[in-house]
Amino acid sequence: MLEHFTITTPRTPSRLVTVYIPAGLPAAGASLLLLHDGQNLFEPDRAHIPGQHWRVAETADALIAAGRLPSLLIAGIDHMGERRGADMTPTIGPYPGMGGGAVYGRFIMQDLVPYLARTY
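All the letters of the sequence shown, read from the start, carry residue numbers 2 to 121 under the numbering used here.
Hints are computed from structural coordinates only; laboratory data are not their basis.
On a predicted model such as this, the values are computed, not experimentally measured, just so you know.
By construction, the Cβ of each residue, glycine as well, lies at the ideal position given by its N, Cα and C atoms.
Treat the hints with caution; some may be incorrect.
As the list claims (entries may be wrong) - Simulated DEER-style distance windows between Cβ atoms:
id: 1; residue 1: 29; residue 2: 96; range: 39 to 49 angstroms
id: 2; residue 1: 55; residue 2: 111; range: 18 to 28 angstroms
id: 3; residue 1: 98; residue 2: 2; range: 31 to 41 angstroms
id: 4; residue 1: 98; residue 2: 64; range: 31 to 41 angstroms
Please take these sequences and the hints and turn them into a complete structure.
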């Protein structure tokens, strides 16, 4: 099952997160896998190149069924389009607008992970 929500914090503008919840997920204490570029992970119509999603839910389902992966929650964090480079780079370097990796990391650890822990 997929659920979507938008999270807004002082560290990030509104950002869409997609959560994959496999059948049989434990009611408490489930492991969490965070993935970036969330729009590419689960749904072909949301992929950066329409129709070419990464089939994460299908792959997770197959690995869980085969006993090669424990049942876990997977949260995909959408990137911010033109601002993707800022999120993914630790320093400014020679490119204007880059170097927001530390802020993005704080968003994940201080805002998103606690929200997911409370909600799921």
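Cross-check of the supplied hints:
Separated by about 43 angstroms at the C-beta atoms, residue 29 and residue 96 satisfy the suggested range of 39 to 49 angstroms. A beta carbon spacing of about 27 angstroms between residue 55 and residue 111 agrees with the range 18 to 28 angstroms that was offered as a hint. Between residue 98 and residue 2, the C-beta spacing of about 36 angstroms keeps the proposed range 31 to 41 angstroms intact. At roughly 37 angstroms, the beta-carbon separation of residue 98 and residue 64 lies within the given 31 to 41 angstroms, and the hint holds.
Going through the hint list in order, the structure satisfies each hint without exception.
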